Structures are given as structure tokens and as C-alpha cells.
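Asker: One letter stands for each residue in the lines below.
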Amino acid sequence: MSSTPEAKVAVATPAAAAGRPPLPWRPALEGVVIPVGAVLVALALFGLFCFVQGRNAFAVFAAINKAAFGSWYAFQNTLVRAAPLMLTALATALPARLGLVVIGNEGALVMGGLAATVAGLAVQTAPLLVVLGVMLAAGMIGGGLWLAIVGALYYQRGVNETIASLLLNYIAIALLNHLVNGPLRDPSSLNKPSSFPIPDEKMLPVIGSSNVHYGLFFGIAACLLAWVLMEHTTFGFKVRMIGGNIRAARLAGLPVALLGIITCFLAGAAAGAAGMVEVAAVHGRANESLAAGYGYAGILVAFVARHRGLPIILVATLLGGILASGGILQREFKLPDATILVFQGLVFLVILFSDSLYGKFGFFKEERR
Amino acid sequence: MGGWGVVVGVLSGAVRGGTPFLLVSLGECLTEKSGKINLGLEGVLLMGAMSAYACAYKTGSPWVGVVAAALAGAILGAIHALLISRPRVNDIAAGIAMLIFGSGCAFYFGKPFIQPSAPQLPGIPLGGWSDVPQIQAALKISPLFIFGVAMAFVLQWFFRGTRWGMQVRAVGDSPAAARALGISVPRTRFFAIVLGSALGGIGGAHLSLFYPGAWTEAISSGQGLMAVALVIFARWNPVHCLWASLLFGGAQAVGPSLQAVGISTGYYLWNASPYVLTLLVMLFTCSTKRTLAGAPGALGASS
Amino acid sequence: MKKHFSSLLGAVLATGLLTSAPVASAADKVTMGFIYVGPKDDYGYNQAHAEGCAGVQKLPWVKGVEEASVPETTAVQETMRNMIVQDGATVVFPTSFGYFDPHILKLAKQNPKIQFLHCGGMYTEGKHPKNVGSYFGYIDEAVYVAGIVAGHETKSGKLGFIAAKPIPQVLRNINAFTLGARSVNPKATVQVIFTGDWSVPVKEAEAASSLINQGVDVLTCHVDSPKVILETAERRGIFVCGYHANGSKLAPKGYLTGAEWNWSKVYTDYAEMVKAGKTLAAGTIPHLVRGGLKEGFVKCSDYGPAVGEAAKKDAEAAKAKFMDGSMVIFKGPLKNNTGGDILPAGQEYKQQDIELEKMGWLVEGVLGSTKS
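Residue numbers (our numbering), protein chains in the order written: chain A, 72 to 440; chain B, 92 to 394; chain C, 295 to 666.
Derived from the structure by calculation, the hints contain no laboratory data.
Quick caveat, the model's predicted, so the values are computed rather than measured.
Don't take every hint at face value.
What the hints assert, rightly or not - Below, in silico cross-link-like pairs of lysine-lysine (BS3-like), each with a Cα-Cα straight-line distance of 30 Å or less:
hint	chain 1	residue 1	chain 2	residue 2
1	C	559	C	615
2	C	543	A	405
3	A	405	C	357
4	C	543	B	202
5	C	547	C	588
6	C	352	B	202
7	C	547	B	149
8	C	559	B	202
9	A	405	C	569
Please work from the sequences and hints to get the whole structure.
Answerer: Here it is as C-alpha cells:
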């Protein structure tokens, strides 16, 4: 597959027409108005849905806001949910710059979590920072190698990367289940088969007195690093060149396969780090809860953020907020658990649609018509 | 029955469990032949299963349920098709959004239908010649399987022998060339995706109205997503989709059948066998030198 | 609706948020939070708990708040916290086993005044926070009775058990079913199939079909939602015993009996204790609450039309012994299914024995293995 979204995304900025003062803020405004407008439209549609179901739409909005962004207490829930999404989104976003559509986020997360657990158990008596460092490295290598397989299959054998990465998700989850129910199982994990636990005092702590763990820093740091790497280094330039035109990149003498496999490795490493965070900050062991769907949500985050590091932070926070508000819809409005899926689906459909509106409104042009 | 029981179990499991794979992969095949991927078929499958069950329960006729499933699939397909016909909208991303939206709608509107029992589709008893009850049960074939087999051959003929089929293939292989021939790319894709999703919806009807024959939120276990892999496995050939679906359906039955005769280790790994197999087949048959025979040229391109 | 809106407005306006309306109105009420891992209406495990929640809410002074489909991740920590902070819950019931460690343990340490009551977990004195308790029902008693009926009604002597995972709660039911069947039909065997997951309808149907093909003529199960298995058995014309809830409507001809939960009894007991000001930390609410047929925590479904008089007589006799406390399911001599000894003659595990909650073996007569 050779989809090159970024090549089309760049909105033409024609020179100001002679004699008219240029309005450079207008194209920038477009980048704000369209996504914000999309969210508002999605809210309106969801409000209509709630109204049809006999609920007061404005009360529902107020509750969503209260549960997701309304206070520091609520915002912490949003951030906890956003942290793994930032990392898993990168697993799709980085290869997208090569022109590859990789959806192996869930599998890389699981493999990262497994590797981090095994490594962490091996060094559990070492000091805290050593344990965490080893776990992070193992998680990133585990996830990285898993998606490097996808890159290698694509560049060496021409195997479709979307399908290969989808299959690897299922295989990773089967491996996880096999290992925690069999060879890795702690016999005292009675009714929920799990690996042996990482000692409590060796876990990734929360930030200060909040409920948010340091995984959030990993997520933000990874997105910033990805942004610098892709937009401001020669490596990123080469990757984008491959994504723009793979034949031209080959003609220019770029080691296409090597760069591609490295990028896939980095993508997997990000999702693997998410797996490590789940183990080190939340579960303390490997078990089936590692495959909780952060990977699939990450794919959407990446596409909505158009595979750029900085917007991923924002979009992941938005989705984190939506997910965090699911509970209040059930508890206060007696809406079924599936309501939040409908809402989430609507938001993403409208945002994806809004992507096609760039350049359609004359108002946002730099010059007047 | 012993060892023969395993064989009968796997074979009949292949037909029963393979039917949703068959219908949904034929739908995906039609979609991909037009040059687009629809990952949202998982949502279509769930929506189809729910609507089929709900309508069969409300009207008392499972056949009304099948029609409702096709309609529900077509509606979701139309949303997907309209969305990805817009510039810059990626089909994979839209597919995942549709997956979330479709399953959300199916779960939301399906709540009142988990408890009641809906009338089931009648099985076609092809095992009347045998007096072994296992054989009779195994050969009680879903009418939707027969429909699926017929559709596989119809689609094969459609792609090879009809003008419309040629149009779909032309759009999938080279949209630019198709445009030059005066074929409307968006319209062709719209019809391919809507019809493909309708087939996927009927696959859902098989799940809720024949086998396993109930509406629950866990009714689909990824068949919609796997269909995408299955189509590649089958090289975009509808008749090969039939064989591949039987293989995938049979693989689902291998684990339980082996345990029924006492071979019980490694069932998680057994359950992953179809995925490993697909990956291996892709590994050994793909090449960077040439594209796969039958692969639509525009698949994955952003045009 | 208006009430919701005004209380919400209040909540949004009050910057404190934590002091929103629910807490104030809950002063005279006991607010109980219920958390389910799957949808509330799954015809199985979660529905049994949701019905328990509905049952306890019949008390006018109880307010129940519920959240369904909460995964065993940080999501459940968030839900418990929200129920405590936003809804004013003073007691929470996270009903899935996987919620216990680390999620409940973590929240319990942060909220020492809240009662955390976990279904099926094992509270260990000194190891776990004092405000954590665990409750569970000896549903194996009802499963044992079902085994007796199955042992009577089978013609082939082959029974089938479709189970999710080889974990203690499940193994205990498989063993009780087998012992019940073999108490009246010593030649009966129980073939087990593990599907590997709690809710995989296609695999469950496939497992049911392959068992029936092997000549099994009575099926039972321990999965989250037995609906598909009951219906498959009915369609293939064999007998079936239900689990979690009464499934006789799904298999009107072949339903023999079944093991059902009665959580509203348990939740009502807890509500009374909380209202009386009792707490886990003070030791006035027991940390381990267990009960079977006698305590009314579990019950047997009414017999189906196919159950004969002999089966009813033996089943009723066993029930009577459970009711007067003289019945012991796991007593020596007891062998496992690989020929080893579990209990020598004269020894026994009483129902309350915590060893039974760590079960890792299958008794003689079970065809299957606990290895995955």
C-alpha cells in the first residue's frame, strides 16, 4: 500500500494576489475551526441521539464535560486513559509517514508487556530505576521486534503490511494467553491466570499526589520525540521521502528497506512501551487484561491526528475524555454501556469527514477572491 | 465415534462456522475488487446479526430477519462508501470508525433482544440417507451457506463475464484508466461497497439465526476483520473465498473437537492457527518483484 | 430528568464538585456501587449480579449505582473512585474476580472508610487492607445436585462440561458435577472442553456439537453466558443443566435442572449491616462471607419435564443434607483423574475449607486436563 496522506494534506498557500493585503492568519484559523467544528457537529448529532432516546441532551453534555474535563479530579481520569493511547497511536503514525498502514498496535503492546514482565521479574531485586529501565528497554525491544517483522515482510517479501500486522495482533494475544495460562503462570493467581507479580515497590509510581502515573510522561515524551524525529531530522526527511515516492527514494540511493524496518521497529517500540507502562504502572503482572483495546483506539487517534506527533497528544486526550465520560452516562442517565461506543464512533466519523473540507472554504484562503 | 467424530466435527464445523466467513469475505472481495478495503465489516456483521434477530423475533419470520440484516449492512456500507469517496479520507481509518460505530449501534439497539428467543432459519436436511444422528446433524445445512456458495459462483461469473464486473475490476485496477473509459469511479465503488456490506450483514444473520443461533454481544469473534485477510488468502477470487472460508471455519472446530476426544493441550495456540497459516501463506507466495495475481492495482492507494 | 439537570448544574457550578448533590441526598440513604465486567443482560454471570442489585434496591433506603462493561484495567479504578467521590457510595461491589488485585487493593488503601466487597476473591488477614471483604456462594452444591440428576438421566453414561478456563472456581464445579453424577451412576464420565475465554459463542456451540457427536447426552457448562449451549443442546435433542440463571425457557424439553445465584439475598444482608453502622475494619462485617443452598446464596432450578422420580428422590435427599449441613462433597477416599490421591479415606474438605478455593485438580471420572 502506498497511501501518502501528507502529500495531499498540505494546503496550497498561493502567493498573495497583487494589490490585496495578505491575510496569513486565515489558513491557520482553518486548522482550528474545522476540527473544532467537527467536534461540535458530532456533539450535536449525539445530542440528537440522546434526545430521541428521551434524555436531555444538554444535561448529557454537561455530564460529559463534568466527567472528562470539568475539574482537576475528572481531568486526571482523562489523562490516565490518554497515556497509553499516545503511545499506541505512534505505532500507526510512524509507519504512515513511509506510506504504510500498520494496525499492529495491539499486538505490539501485548508483546511489549510480555517482554517487560519477563525482564522485570528477572531483575526484580535490583534498585527501582534499574528495574524500570530494564522493563522499558525490554518492552520497547519486544514491541519493536514484533512490528519490525511487519516491515521486514513488506520490504523483503512484499507482504501486505496492513494484513500482516492485523494477523500478528491475533497471534500475539494467543501467545499471551498461552503463556500466562501455562509456562509463565503464577500458581497463586487463582481465578485470573497471570504471570508472577513485579514487587509493589518496583512499580512505576504516580505523579505526586495525583492519580496519574508516570506513563503519561512517557506518552508525551514519545510524541514530542516522534515529532522532532519526523519533522526536523534527516532521518525523518528520508522517511517522508520514501512515503512521498518510493521509486524516487530508491533512485536517490536511500536504503529504503533498512529505513523502513527501523521505522517499523520504532513504531512497535512505542506500543511496546505502552505495554510496559500497563504492566509496570497498572497491573504489576502480565495477564489477559493487557489486551484491553488501547491498540485499536490508537489507530484512530493516529489517523485523526494525521500521524503528527503533537496533534496525537491532543487527540489522545480528547478520546481519553470521551472514554472517561462513559461511566457517568450509565450511572446518572441510565444509558446502556454501548452509548459511549456510539458517541465515539460518531465523533471519529465526523472528524474523518471534516478532513476532506480543508481548502473548500474561500474564507480561509490567504487572499480575498 | 472417536477419531471419526473429530473428522465429522471439523468438516461440519467448517460448513457451519465457515458460512459467516464466506459471506463476509465475498462482501470484502467485491469491495476490494473496486480498490477499497472495508475494515468496518466487523461492525456490519454485528449489526446484521442484531437486526436479523430483532426482526425475526418481532415478525416471527427468520427470512424477514435476513432481509433486515442485508438492509442494515447496506446502510452501514453506504455511510462508509460516502465517507471514503471524499478526498483525503483513508479507508482503513474510516473502517475502524465504522467498526466502533456499527458495533455500538448493534449493542445499543440489541439490548432488548438478548433475552427473547427468535425463530431460527430451517436447516436443509441433506443427511436423510444416513441413520447416524451425527451425520444427520452435520449435514443439516444452513440455507445461507447454499446462498453463499451460489453467490461465490455468481460473483466469479460477474467479475469475468459481465460488463459491470469488468467495470468494478477496471475501477479497482486503475481508477485513472476507468475514468478515461467514462466509468464513474465513485458510483462504481459505492455500489460495490454497499452490496459487499449487504452480504456481510447476511453473514451476521447466519450467526444469530442459524449457528450458533443467538444474539449476544460476543456473537462475532473477529470474523469481520479476518475477512480482510481471508480475501488475500483467496487471491481476490470468489470461488477460492469459498475454500478459504471452509478452512477457517474448520480451524475453529479443530480445538474443541480434539478436546472432545481428550487431546487438550495448547488450545490457545490451536485457536491462532488460521492466523499463522495465513501469514505463512503470504510469506511464501508474495514477492516484491510482482504484485499478487488478482490483486486490484489501486488497493491501498489514496485515490 | 429535571432533577438530574439541576443536580448537574449544581455540580458544574460548585467548583468543589466533590460536594455535589448526590452526597447530600444520600445522607439518609445507603448508596451501593455495583460494577460488572460485561453487559448487564448477558443471561449469565453479570445479569445474576445486576438482578441482585435490582433486588437490594427494593429496600427504600438503598440507592444502587451501576456501571457495566468495565474492563479490568485502570477503568475499574476510575469507576470505583467516581462512585465514591461523585455518587457518594459507601460500599462498592466490583463483581469480577479480576478486579481484586491490583485494582480493589489500591483503591481500598486510598479510601479506608469505604467498604470494598469483592465477589469470589480471597481476603487474607494481614496481607490485604482491612476494609476489603470477599463474598461468594457455594454454587458447587447446586451443581452437585444437578450432577445427581444428570447421572440418573444419562443413557450413554457420558456427560459433557463446557468450561471457560481451568481455574479453581470452574474446576470446583466440574468436580462437584462429576461427584454428584457418580454418586448415583459410578460408571458415568464427564468430558470437559475448555474454550479458553469467558464469552465465545461460536466456540461454545462448536464444543457442544463435538461433545454431542462423541455420544454425550447431558451437557452443562461454566461460561459467562450459557444461552448458546442450552439452545444447541435443545436443538440436538439432548439433556442440559443450566448455570448462573434459570434457562428452562431456552431448552423447554431437555432442561433438567440448574445452578442459580441468588445475589439479592447477599446484597440485602450487606445493606442491613452497613445501615446498622457496621464496618469491615471494625470486624463487625465479616471479611469472608460464604453460603450455599442452606444460606440461600444459591438455588437449584425447578426440575424439567424429563426428570424421573428416582432422580428427584436422590436430588431431594442430597438437598436435604445440604440444608441440615451434613453433606460434604469432597471427602476421602478421593482420587484425581491421573490416578493420584487427593484425600485418603476418613478425611474431608468441608465447604468452608479455603483449600477448595485453590483447587487445581480434576477428580476421577473427569476426562480432561487442567493444562492449557
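Asker: For every hint, state whether the structure bears it out.
Answerer: Hint check:
Only pairs whose Cα atoms come within 30 Å are accepted, and residue 559/C paired with residue 615/C is accepted, the gap being roughly 21 Å. For the given pair, residue 543/C sits about 28 Å from residue 405/A by alpha-carbon distance, which is consistent with the 30 Å threshold. Simply put, residue 405/A and residue 357/C have alpha-carbon atoms about 13 Å apart, close enough for the 30 Å limit, and the pair holds. The suggested pairing of residue 543/C with residue 202/B holds, with an alpha-carbon distance near 18 Å, which does not exceed 30 Å.
This hinted pair checks out: residue 547/C and residue 588/C have alpha carbons roughly 29 Å apart, not beyond 30 Å. For the given pair, residue 352/C sits about 23 Å from residue 202/B by alpha-carbon distance, which is consistent with the 30 Å threshold. This hinted pair checks out: residue 547/C and residue 149/B have alpha carbons roughly 24 Å apart, not beyond 30 Å. With a CA separation close to 26 Å, the supplied pair residue 559/C and residue 202/B stays within the 30 Å bound.
Only pairs whose Cα atoms come within 30 Å are accepted, and residue 405/A paired with residue 569/C is accepted, the gap being roughly 25 Å.
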